[in-house]
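Asks: Here are the chains, one letter per residue:
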Amino acid sequence: MTRKLSLTPYLFLAPALLVIAVFVLYPIVAVVYYSFTDYNIVTPPEWIGLKNYQQLVQDPIFWQALRHSFTYLLVTPTLIVLCILLAIVVNRKLPGINVFRALYYIPVISGSIAVGIAWRLLLETNGLLNSVLIWLGILQDPIQWLAEPAFTLPIAMLLTTWLGLGYYMMVFLAGLQNIPEELYDAALMDGCNAWQKHWYISLPGLRPQITFVAVISSLAALEVFNEVFILTGGLGGILNSGVTMVFYLWRQAFRLQHAGYASAVAMALLAITLAFSIVNIRYLERGTEAD
Amino acid sequence: MAPAKTLTLPGGAARRLLENFFWYVVLCLVASVTVVPFLWVLLTSLKGPHDAIYAVPPQFIPHDPTWANFIRVWNQLPVGYFFLNSILVAVSTVVLNLLFTSLAAYPLAKMKFRGRDVIFYLLLATFIVPPQLTSIPSFVLAVNVFHYYDTLLALIFPSLATVFNIFLLRQAFKTVPNDLIDAAKIDGASELRIWWNIVMPVIRPSLATAAIFTFVNSWNDFFWPSLMLHTRENMTLPVGLVALQGMFASDLRGVAAGVVMTVIPILIFFVALQRQFIRGLSGAVKG
Numbered sequence: 053m054t055r056k057l058s059l060t061p062y063l064f065l066a067p068a069l070l071v072i073a074v075f076v077l078y079p080i081v082a083v084v085y086y087s088f089t090d091y092n093i094v095t096p097p098e099w100i101g102l103k104n105y106q107q108l109v110q111d112p113i114f115w116q117a118l119r120h121s122f123t124y125l126l127v128t129p130t131l132i133v134l135c136i137l138l139a140i141v142v143n144r145k146l147p148g149i150n151v152f153r154a155l156y157y158i159p160v161i162s163g164s165i166a167v168g169i170a171w172r173l174l175l176e177t178n179g180l181l182n183s184v185l186i187w188l189g190i191l192q193d194p195i196q197w198l199a200e201p202a203f204t205l206p207i208a209m210l211l212t213t214w215l216g217l218g219y220y221m222m223v224f225l226a227g228l229q230n231i232p233e234e235l236y237d238a239a240l241m242d243g244c245n246a247w248q249k250h251w252y253i254s255l256p257g258l259r260p261q262i263t264f265v266a267v268i269s270s271l272a273a274l275e276v277f278n279e280v281f282i283l284t285g286g287l288g289g290i291l292n293s294g295v296t297m298v299f300y301l302w303r304q305a306f307r308l309q310h311a312g313y314a315s316a317v318a319m320a321l322l323a324i325t326l327a328f329s330i331v332n333i334r335y336l337e338r339g340t341e342a343d
Numbered sequence: 003m004a005p006a007k008t009l010t011l012p013g014g015a016a017r018r019l020l021e022n023f024f025w026y027v028v029l030c031l032v033a034s035v036t037v038v039p040f041l042w043v044l045l046t047s048l049k050g051p052h053d054a055i056y057a058v059p060p061q062f063i064p065h066d067p068t069w070a071n072f073i074r075v076w077n078q079l080p081v082g083y084f085f086l087n088s089i090l091v092a093v094s095t096v097v098l099n100l101l102f103t104s105l106a107a108y109p110l111a112k113m114k115f116r117g118r119d120v121i122f123y124l125l126l127a128t129f130i131v132p133p134q135l136t137s138i139p140s141f142v143l144a145v146n147v148f149h150y151y152d153t154l155l156a157l158i159f160p161s162l163a164t165v166f167n168i169f170l171l172r173q174a175f176k177t178v179p180n181d182l183i184d185a186a187k188i189d190g191a192s193e194l195r196i197w198w199n200i201v202m203p204v205i206r207p208s209l210a211t212a213a214i215f216t217f218v219n220s221w222n223d224f225f226w227p228s229l230m231l232h233t234r235e236n237m238t239l240p241v242g243l244v245a246l247q248g249m250f251a252s253d254l255r256g257v258a259a260g261v262v263m264t265v266i267p268i269l270i271f272f273v274a275l276q277r278q279f280i281r282g283l284s285g286a287v288k289g
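From first to last, the protein sequence lines stand for chains A and B. Residue numbering for the first sequence follows our numbering, beginning at 53 and increasing consecutively. Residue numbering for the second sequence follows our numbering, beginning at 3 and increasing consecutively.
One chain only, chain A, in its complex shape:
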């Protein structure tokens, strides 16, 4: 292998690396610095040492946000199970199956803001859900779905799940279609029934996709913002019932002008996503290289 020192590869990389350096690498360094300062974005940051972190560990809302973000991770296993089942269903060669695949994909394309507002119209006190439930005799009086603290987070998680169904279904569908037909034939010869066939052939065959979905959807769950923002009207829900890590970061930085404190929240978020990803990234890397 001759290693000729040529400028060419660096010139190819330069524009993209410059952008990433300015908009990703520099901000990471800056956030670390801001987290040790008192900073309101308008006046220059003032060094205060560990004060933000001391405040952070004593901040009940921060712990609440942390708890909510961890709870939010339940979205990941839910999505994996639902989407594998859905992919198995839409993998059947039925006439018109493409129409159904497309229908399931509509929420993905429409985006969380439009879909979130659509959900609000259903969940309003005088929305469709209440009128259907009262009509069916399940409810006596309308429920304030969006104002009830106990419902805020579950509804947001349901919305996230609903938004992701189509996308992750397609991921698993693509995976299913890569599994060689002969494996299923062999399983049938060995006397597997329909369920066993999927358990012994489809699930192991979908391993790379399961890893991919686990990584991507758990990162997305830890970073959730839009759903909470829309469903709570930007307020985070009554008694902070919908406040997640990113929502708290956003409120501290851009609503309360506590950019220094928000940076400490950001550092906590970074630590969590890092810890969470280190194991997963290895798998993702292996999946990438194997191909």
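Accuracy of the hints is not assured; some may be wrong.
Each pair of labels, with its calculated beta carbon distance range [unchecked claim]:
no.: 1; chain 1: A; residue 1: I190; chain 2: B; residue 2: L20; range: 30 to 36 Å
no.: 2; chain 1: B; residue 1: A191; chain 2: A; residue 2: I324; range: 45 to 51 Å
no.: 3; chain 1: A; residue 1: Y62; chain 2: B; residue 2: D152; range: 53 to 59 Å
These are computed hints drawn from the structure, not numbers from a lab. Quantities reported herein were computed from a predicted structural model and do not represent experimental measurements. Where a beta carbon is used, it is the ideal one built from N, C-alpha and C, also for glycine.
Take the given structure of chain A and dock chain B to it, following the hints.
Replies: This is chain B only, laid out in the frame that chain A set:
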């Protein structure tokens, strides 16, 4: 498909018909879950002042259908600007981002040079950094350094290069045979020519995948645009939609009309490019 093979028994046709019927029922049930919210919004947007939004039993079909809600929204908010801004940002982001990331992905896939692994792992590491984490310094940069707060440039600049696309395209470049590149080198082509004339055409399907995903992400992006865009005329659709929701808080028909107006164009785009969407996905996961 495998399941059908078990059913080629005598009398299997009837059983198969029954089974298919069962699957259609399942498919329709799931479809109703994904489609009903949109259908309700669409019907609400067409309701006149005498149609009930809330009634027991619920009223689905407007008795008094009208375009008035759409006209009211259109007149009170610069929805046309929202569209133009969204298109402008999405298109320029896609074009420039693909240019930057495919340039960067090529040497990572096909050249040997000092620091390649360092750069690769550095990029991989940034992949897991939550994008919102960088928003605080990015905000400061936008206001104090680049002075593009409240302009569309604030949306385009930070998305000129994304690590996801670099990895996706690097993966695509890796599948290009080395012989093809070597042959061009012997013919005396420069690296830049090889990249543009030889290798880029080969990975066109992956470029299409990256383009579609980048477009949809840009179109639906909210967090950063909502921080940057302040003046109504400068807003993109999701930011404008939230402004509309605030403005029409007590006018559910107007809110519904706004949602319909923003969702329909992207759905048309999706239906037109559905094949590429679905084919592209299998490629995206491998990468």
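Asks: Each hint should be assessed against the structure and marked as holding or not.
Replies: The hints, checked one at a time:
1. A/I190 x B/L20: 30 to 36 Å: 32 Å, holds
2. B/A191 x A/I324: 45 to 51 Å: 48 Å, holds
3. A/Y62 x B/D152: 53 to 59 Å: 35 Å Cβ-Cβ, so the 53 to 59 Å window is violated.
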